[in-house]
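Visitor: One-letter residues, chain by chain:
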Amino acid sequence: MPKIQLDPLGVVIELATGASINDALFAHGVEFPCGAKGRCRGCRVRVTEGAAPMSAADQKVFSDEELATGWRLACTMRATSDLRLQLAAYTAPVLADETAFTFTPRDGLGIAIDLGTTTLVAQLLDLSTGAVLAVRSGLNPQAVHGADLMSRLDKATQEGGLDELAVQIHQALAELIAGFADERHPLERVQRAVVVGNTAMHHLFARRNCDSLARYPFESSEMDLSEHRADELGWPLPPATPVFMLPDLGGYVGSDLLAGILATRLHESEHPVALLDLGTNGEVVLGDRHGIQVTSTAAGPAFEGAGIQQGMRASTGAIHACSVHGGVPSYQVIGGGAARGICGSGLVDIVATCLDLGLVEASGRMAHGVKTIPLRDEVVLDQTDIRQLQLAKGAIAGGLAVLLARRGLEPKDLGRVYLAGAFGNYVNQSAGCRIGLLTAPPEHITTAGNTALLGAKLALFEDDLAFTAIRSLVSHVSLKADMEFQDRYVEAMSF
Amino acid sequence: MADLDSLKEAVISGDANTAKAVTEAAVAEGIDVQVIVSDYLIPAMDEVGRRFEANEYFVPELLIGARAMKTSMAVLKPLLADSGVKPVAKVAIGTVKGDLHDIGKNLVASMLEGGGFEIVDLGVDVSPEQFIQSVQESGVAIICMSALLTTTMGSMKDTIQALNAAGLRDKVQVMIGGAPITQQYANEIGADGYSDNASAAVSCARKLAKVA
Ligand code: B12
Numbered sequence: 001m002p003k004i005q006l007d008p009l010g011v012v013i014e015l016a017t018g019a020s021i022n023d024a025l026f027a028h029g030v031e032f033p034c035g036a037k038g039r040c041r042g043c044r045v046r047v048t049e050g051a052a053p054m055s056a057a058d059q060k061v062f063s064d065e066e067l068a069t070g071w072r073l074a075c076t077m078r079a080t081s082d083l084r085l086q087l088a089a090y091t092a093p094v095l096a097d098e099t100a101f102t103f104t105p106r107d108g109l110g111i112a113i114d115l116g117t118t119t120l121v122a123q124l125l126d127l128s129t130g131a132v133l134a135v136r137s138g139l140n141p142q143a144v145h146g147a148d149l150m151s152r153l154d155k156a157t158q159e160g161g162l163d164e165l166a167v168q169i170h171q172a173l174a175e176l177i178a179g180f181a182d183e184r185h186p187l188e189r190v191q192r193a194v195v196v197g198n199t200a201m202h203h204l205f206a207r208r209n210c211d212s213l214a215r216y217p218f219e220s221s222e223m224d225l226s227e228h229r230a231d232e233l234g235w236p237l238p239p240a241t242p243v244f245m246l247p248d249l250g251g252y253v254g255s256d257l258l259a260g261i262l263a264t265r266l267h268e269s270e271h272p273v274a275l276l277d278l279g280t281n282g283e284v285v286l287g288d289r290h291g292i293q294v295t296s297t298a299a300g301p302a303f304e305g306a307g308i309q310q311g312m313r314a315s316t317g318a319i320h321a322c323s324v325h326g327g328v329p330s331y332q333v334i335g336g337g338a339a340r341g342i343c344g345s346g347l348v349d350i351v352a353t354c355l356d357l358g359l360v361e362a363s364g365r366m367a368h369g370v371k372t373i374p375l376r377d378e379v380v381l382d383q384t385d386i387r388q389l390q391l392a393k394g395a396i397a398g399g400l401a402v403l404l405a406r407r408g409l410e411p412k413d414l415g416r417v418y419l420a421g422a423f424g425n426y427v428n429q430s431a432g433c434r435i436g437l438l439t440a441p442p443e444h445i446t447t448a449g450n451t452a453l454l455g456a457k458l459a460l461f462e463d464d465l466a467f468t469a470i471r472s473l474v475s476h477v478s479l480k481a482d483m484e485f486q487d488r489y490v491e492a493m494s495f
Numbered sequence: 001m002a003d004l005d006s007l008k009e010a011v012i013s014g015d016a017n018t019a020k021a022v023t024e025a026a027v028a029e030g031i032d033v034q035v036i037v038s039d040y041l042i043p044a045m046d047e048v049g050r051r052f053e054a055n056e057y058f059v060p061e062l063l064i065g066a067r068a069m070k071t072s073m074a075v076l077k078p079l080l081a082d083s084g085v086k087p088v089a090k091v092a093i094g095t096v097k098g099d100l101h102d103i104g105k106n107l108v109a110s111m112l113e114g115g116g117f118e119i120v121d122l123g124v125d126v127s128p129e130q131f132i133q134s135v136q137e138s139g140v141a142i143i144c145m146s147a148l149l150t151t152t153m154g155s156m157k158d159t160i161q162a163l164n165a166a167g168l169r170d171k172v173q174v175m176i177g178g179a180p181i182t183q184q185y186a187n188e189i190g191a192d193g194y195s196d197n198a199s200a201a202v203s204c205a206r207k208l209a210k211v212a
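Protein chains in written order, with our numbering: chain A, 1 to 495; chain B, 1 to 212.
Looking at chain A on its own, in the form it has when it is part of the complex (with noise of 0.2 Å):
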């Protein structure tokens, strides 16, 4: 029976021979966001070791040197001998490492990590060729005590409350970094970690006192590169090497998004492009090599399904996307069965659809008098969600419509527009324009993976960690006291 070991899971598996891969996957937890029908790279894989013959599906969506490269679709995959693969679902900044970054190398190895409000990933890198070498992903286990920000800042405002997230995010970071020795990786040549995240991670991390920003006027003054030792953290590499929390740029924004612009590049770019992270506390940052202004814009959690009627989060039975034949629309659900609920993407493709169909107003009304769509199997479409969807889509189109205005741009101007974080890289592009929560031309827009854990990586090869360059071209701007963002806001709430 082949064996299959799964990247950056740290699993192996075993089937019977000729059983598909996909299905194989999905009974271990691996889902991915498509209808696995061979159409799109929904849920590309990479064969790191041994040989997968290739389907006519994967000779049509993978160019030459991706097939060379390993790429393959789970969905047309079968187990034929031992394998080991790497889920792109995970490891989408892995891919950005194709996009050839040129660095400096350095001695050792360097770890990146990308410390999220409800994920975490690391990965293990030799600083003298840039290689990743490994990549582990886990919870944040912070998540105990809410799911979003303020909650978690508001238990770091309690007595004690500070401490315990520390030492919590502390130790599973530790955990992820055993996972490499684990693999028998030198970790005793680790020369230097750096860890980006949001503003709020960065001051639980670093112990920085949060009452400022759980409170008026959600701001801190501490923003700037804190310096910690692997032994302070006890994290299972030598006691003195440095650990580096990257800079915060202002406000809600923290050095995710710092991370995000070396990524990207914006700060070198000629004209004007956008870095969008659409999540619960969406991020737009603007600019171009003379300036950069950024903002948060609290869009709410519509885009993980949360506040939804039968909203879900991207898992087995969530429609997740939505197509039309002959006027008939059909839903698809992740892995292929039942559905049982509604997640983000599915949400924007489905009311995208249903505009185009004429059955939901420009003004967000459901037509023709009703209060709900029937989907598929027991699941619906409420007018309320398509309200939910307006309060979040137009707090992102209205925020970037403010920086644009600052700068006496429109969304044509922008030469290039990233879209970041998990959402971003599964949401519908076409579906995003048509409902507004895009407002550049299609064309234009580019998913860019996890440019978190890109620019952490980046930075590895840095030596001022201050990134006192870029951080000066960086201005802030809080919407909450822009006189024009409510117009803004509520002007992009229609579709």
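Worth flagging that the hints you see were computed from the coordinates, not collected in a lab.
Treat the hints with care, as some may be off.
Here are some chain B residues the structure puts well away from chain A; computed CB gaps all over 10 Å [to be verified]: (1) Lys8; (2) Ala74; (3) Leu76; (4) Glu118; (5) Asp121; (6) Ala166; (7) Ile189; (8) Gly190; (9) Ser203.
Okay, derived cross-link-like pairs now, DSS-like style, lysine-lysine, Cα gap no bigger than 27 Å in a straight line [stated by the list, open to error]: (10) Lys77(B) to Lys8(B); (11) Lys157(B) to Lys480(A); (12) Lys157(B) to Lys210(B); (13) Lys480(A) to Lys70(B); (14) Lys8(B) to Lys86(B); (15) Lys20(B) to Lys70(B); (16) Lys157(B) to Lys155(A); (17) Lys8(B) to Lys371(A); (18) Lys171(B) to Lys86(B); (19) Lys86(B) to Lys207(B); (20) Lys86(B) to Lys70(B); (21) Lys210(B) to Lys90(B).
Where is the CB? At the ideal position from N, CA and C, for every residue including glycine.
We have chain A already, so just place chain B with the ligand on it with the hints.
Guide: This is chain B with the ligand only, laid out in the frame that chain A set:
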């Protein structure tokens, strides 16, 4: 004859230009301002609110409806003052300390204004002391507090306690709202009224002012 039904229609559809023109024509013809307000504007805003509550309208329609109502009110206000028409009651409204979200608060204020209340808008980031001051100096009968953040809703409790301490609690009614607020929270902190939307806020306020 000014077509007052078209005034009502203009507010419901958010057509500020028509609302203003019809109001001016009606005033020029000497139609009683009280009639314009209570028979046309208030019912129009009630209808806007009904549609909002029924999810037929959303924030943009509510805002443009309120805007149309306000252009009409701007014409009528000086005349109302002269004619000695009494507002239903005086209401002070504000977003609580540390919180700057004001879209919901503004909608509630507009709906209350459309419902015949006189509004003292204290703005955002309003401290308990400022609320108290509004009771002492402007003689408001109802205080409306809005909060959108879980970290700022505690300020509502502070305000109620401060009212108690100042011996003013029985002089005013307290109404609260905002996305994280619930009826349960209102009970917990001893607020007199709560609603989860701007339209129901009007009926709630009418109840508290004992006019409904
Ligand atoms: C717009 C918005 C902003 C704008 C505010 C602009 C403005 N001038 O108001 C900006 C960008 C400035 C902003 C900033 C912040 N925001 Co904000 N914001 C939102 C957003 C997207 C919509 C809120 C809104 O206007 N809703 C529409 C109105 C009409 O609804 P409403 O306010 O609930 O009001 C209705 C009812 O509640 C009721 N009502 C309201 N008030 C009252 C009062 C009374 C007396 C009564 C009876 C009824 C009533 O009637 C209204 C109409 O029906 C929400 C997320 C969401 N999708 O809801 C986040 C949200 C509220 N923000 C949030 C956060 C965290 C922030 C920030 C701290 C973070 C940041 N990223 O900068 C800052 C804080 C700023 C501050 N000091 O207040 C969080 C709160 C989370 C929490 N648990 O506390 C939310 C939920 C988003 C999230 N991350 O999940 N935000």
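Visitor: Now, for every hint given, state plainly whether the structure supports it.
Guide: Hints, verified against the model:
Against the 10 Å criterion, Lys8(B) stays outside the reach of chain A, whose nearest CB is about 20 Å from its own CB. Against the 10 Å criterion, Ala74(B) stays outside the reach of chain A, whose nearest CB is about 19 Å from its own CB. Residue placement check: Leu76(B) keeps its beta carbon more than 10 Å from all beta carbons of chain A (closest about 25 Å). Its beta-carbon lying about 24 Å from the closest one in chain A, Glu118(B) satisfies the requirement of being farther than 10 Å from that chain.
Under the 10 Å C-beta cut-off, the non-interface status given to Asp121(B) relative to chain A holds; the minimum distance is some 14 Å. Non-interface call for Ala166(B) relative to chain A: holds, since the shortest CB-CB distance, roughly 23 Å, exceeds 10 Å. At the 10 Å boundary, the C-beta of Ile189(B) stays outside the reach of chain A, the nearest C-beta of that chain being 18 Å off. Once the 10 Å rule is applied to beta carbons, Gly190(B) is consistent with being away from chain A; the minimum gap is 23 Å.
With a cut of 10 Å on Cβ distances, Ser203(B) stays outside the contact zone with chain A, its closest approach being about 21 Å. With a C-alpha separation of about 17 Å, the suggested pair Lys77(B) and Lys8(B) falls inside the 27 Å cut-off, and the hint holds. Pair hint Lys157(B) plus Lys480(A) holds up; C-alpha atoms about 24 Å apart against a cutoff of 27 Å. For the hint pairing Lys157(B) with Lys210(B), the CA-to-CA distance comes to about 24 Å; that is within 27 Å, so the pair holds.
Straight-line distance between C-alpha atoms of Lys480(A) and Lys70(B) comes to about 24 Å, which keeps the hinted pair within the 27 Å bound. Proximity of Lys8(B) to Lys86(B) is assessed by CA-CA distance (about 22 Å); at most 27 Å being required, the pair is judged to hold. Of the pairs offered as hints, the one joining Lys20(B) and Lys70(B) holds, with about 9 Å between alpha carbons and a cut-off of 27 Å not exceeded. A threshold of 27 Å between alpha carbons decides the hint, and for Lys157(B) with Lys155(A) the separation of about 20 Å falls inside it, so the pair holds.
Proposed proximity of Lys8(B) and Lys371(A) is supported: the alpha carbons are some 26 Å apart, at most 27 Å. Taking the CA atoms of Lys171(B) and Lys86(B), the gap is near 19 Å; set against the 27 Å cutoff, the hint holds. This hinted pair checks out: Lys86(B) and Lys207(B) have alpha carbons roughly 17 Å apart, not beyond 27 Å. The hinted pair formed by Lys86(B) and Lys70(B) meets the criterion: a straight-line CA distance of about 18 Å does not exceed 27 Å.
Annotation: proposed proximity of Lys210(B) to Lys90(B) holds, straight-line Cα distance about 13 Å (limit 27 Å).
Of the numbered hints listed earlier, not one is contradicted by the structure.
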